[in-house]
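Visitor: Sequence:
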Amino acid sequence: MTEIKIQIVDYNLFEYEKNFLAKEIKRWGGIVKEGKIERNSTLIVKGLSLEKAKRLTYIKSVFYRSIFYPSLQSIRESFNGKSARTQSRRYGPHGLHEYKGRFNPQMPRSLMLANFNSTAIVLDPFMGSGTTMVEARDLGYNAIGVELNPFACLLAKAKKIYEEIPALGEIRWSSNSKSENFFDSETKDYLLKWFPRKQFNQLEFIQRHLVQLDSNQRIIAQVVMSNLLRDHSLQNPKDLRIRRRDTVPIDFDLLDTFKTTFKEISIKHAEWIKEFSIKKRKDTQLFNADSRNLKDIIKIKVNGSVSSPPYATALPYVDTYRLSMVALGLIHPKEILKREKELIGSRDVTIADKTSFGKHVSILPSTVQEVINYIYEEINKDSEAGFRKKAAPYAFARYCVSMLRVLEELYSIEKIGSKNFWVLGPNRIKLRSNWFTMETPELVGELAKKVGFKKVSIEPVQAYNRYDMHSKNSISKESILVFQR
130 MTEIKIQIVD YNLFEYEKNF LAKEIKRWGG IVKEGKIERN STLIVKGLSL
180 EKAKRLTYIK SVFYRSIFYP SLQSIRESFN GKSARTQSRR YGPHGLHEYK
230 GRFNPQMPRS LMLANFNSTA IVLDPFMGSG TTMVEARDLG YNAIGVELNP
280 FACLLAKAKK IYEEIPALGE IRWSSNSKSE NFFDSETKDY LLKWFPRKQF
330 NQLEFIQRHL VQLDSNQRII AQVVMSNLLR DHSLQNPKDL RIRRRDTVPI
380 DFDLLDTFKT TFKEISIKHA EWIKEFSIKK RKDTQLFNAD SRNLKDIIKI
430 KVNGSVSSPP YATALPYVDT YRLSMVALGL IHPKEILKRE KELIGSRDVT
480 IADKTSFGKH VSILPSTVQE VINYIYEEIN KDSEAGFRKK AAPYAFARYC
530 VSMLRVLEEL YSIEKIGSKN FWVLGPNRIK LRSNWFTMET PELVGELAKK
580 VGFKKVSIEP VQAYNRYDMH SKNSISKESI LVFQR
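Under this note's numbering, residues 130 to 614 are what the sequence shown spells out, in order.
There could be a bad hint or two in this list.
Simulated pairs of lysine to aspartate or glutamate, EDC-like, Cα-Cα distance not exceeding 20 Å [said to hold, decoys possible]: (1) Lys392 x Glu167; (2) Lys392 x Asp477; (3) Lys403 x Glu293; (4) Lys152 x Glu167; (5) Lys388 x Asp412; (6) Lys428 x Asp412; (7) Lys155 x Glu537; (8) Lys147 x Glu588; (9) Lys488 x Glu537; (10) Lys388 x Glu333.
Using C-beta positions, here's what the derived DEER-type ranges look like [as the list claims (entries may be wrong)]: (11) Lys510 x Arg557: 16 to 24 Å; (12) Phe197 x His338: 44 to 52 Å; (13) Ile196 x Glu464: 53 to 61 Å.
To be clear, the hints were calculated from the coordinates, so they are not data collected in a lab.
Where is the CB? At the ideal position from N, CA and C, for every residue including glycine.
My request is simple: use the sequences and hints to build the entire structure.
Guide: Structure representation (structure tokens):
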């Protein structure tokens, strides 16, 4: 087969990204004859077809038979308008809405290319905002995503729609902004605590128009609006928890900003569809459901999973986006705390969590039990521990039991030989005067072994910063937990 020249991207790569690319090349039959994977370097590769070479993740271009071809990934990354010298993580549908804690799309893309053949069915049991689903769909994999958080599931659905419709269309605005209330009285009272009257009125005005759109256009438009709400509210937009900002955004104009933003996104969408024409692709199935019940949701056998599971007690997923969830009718104000507690990784504990603590711990592997019991004992020795810290051992025990349940369900729906790649990071907690690190990847690995998974290993990777605030909670390292059915 003719040799191909492959040019590496212009931005610096982490060591794991270099290793990922090497595995991609090998997986698809390529042999590197010359060159080293470094920023802006050139590889001479034998054994790859042009089409397979163009699909590789961390490359800029391919030179084949005297013709230059940009890689598919470089074209996709160019759509965010940033320099080619930085890795884009918000291109195309990925840029519709911010979502805290998601991993950069290049990671699941490369993991799939390096480990699954083209006929594989890939699962993401913690789909989040749909990052893996977007990349799986682009690569032609049959993929299934499961997510309990209705807001995250809405974002994933919007990203899917973004690549399925020819145009976002126009919103016909009426001149009469005075109409009957859009929200019920309890929802209105709640939102008025977090929006100045001007912005609240504009929110109602926008929503009255959006509900008249067809379902696909409405979902996209509501997601665009949602991405603006934190900045136009009384909530501190940089805080993961819902805390008030120091200055009130009286002069912010939500309506004008929405109109401008929706127009800009419509233009970008048209350019995206022109470049990546709508065509028949393998489907991605999205389920707003609980992965602790996978076998009730998925009736076929899958070939493995690629996922970024929730971090134990790390992110308040509902609290961070509660204004969007309430404004979009995804949750009633009275249900906020209840829905937060339902999610795996929630920091909030119930009386039932405390009374079930001993039972929860007893079903876990001994190494996991030791960590939880140590945290419990140290906190009980701390007379100054606050309620949040006192809740930590109960929350972590519940997290481990939930992850064990997901792994049991996953085991039951996977084919023998299925491979799984979960991106996880550690959690820290201060026990009296010292910081204690809970090595979550290793602990979840112990849970996987208990279920019966084989070839369990931990591959350290350098982490892109996933948080915007509270540096003491930010993740400076991550690992890929690899395990096989």
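Visitor: Taking the hints in turn, state whether each one holds.
Guide: These are the hints, each one checked on the structure:
1. Lys392 x Glu167: With Cα atoms ~39 Å apart, Lys392 and Glu167 exceed 20 Å; violated.
2. Lys392 x Asp477: violated (40 Å)
3. Lys403 x Glu293: holds (12 Å)
4. Lys152 x Glu167: holds (15 Å)
5. Lys388 x Asp412: violated (32 Å)
6. Lys428 x Asp412: holds (16 Å)
7. Lys155 x Glu537: Answer violated: Lys155 to Glu537 is near 32 Å, above 20 Å.
8. Lys147 x Glu588: At roughly 14 Å apart (the allowed maximum being 20 Å), Glu588 and Lys147 satisfy the hint.
9. Lys488 x Glu537: holds (18 Å)
10. Lys388 x Glu333: holds (14 Å)
11. Lys510 x Arg557: 16 to 24 Å: About 18 Å separates the Cβ atoms of Lys510 and Arg557, which means 16 to 24 Å holds.
12. Phe197 x His338: 44 to 52 Å: holds (46 Å)
13. Ile196 x Glu464: 53 to 61 Å: Since the Cβ atoms of Ile196 and Glu464 sit about 58 Å apart, the hinted range of 53 to 61 Å holds.
Hint compliance for this structure: hints 1, 2, 5 and 7 are broken, all remaining hints hold.
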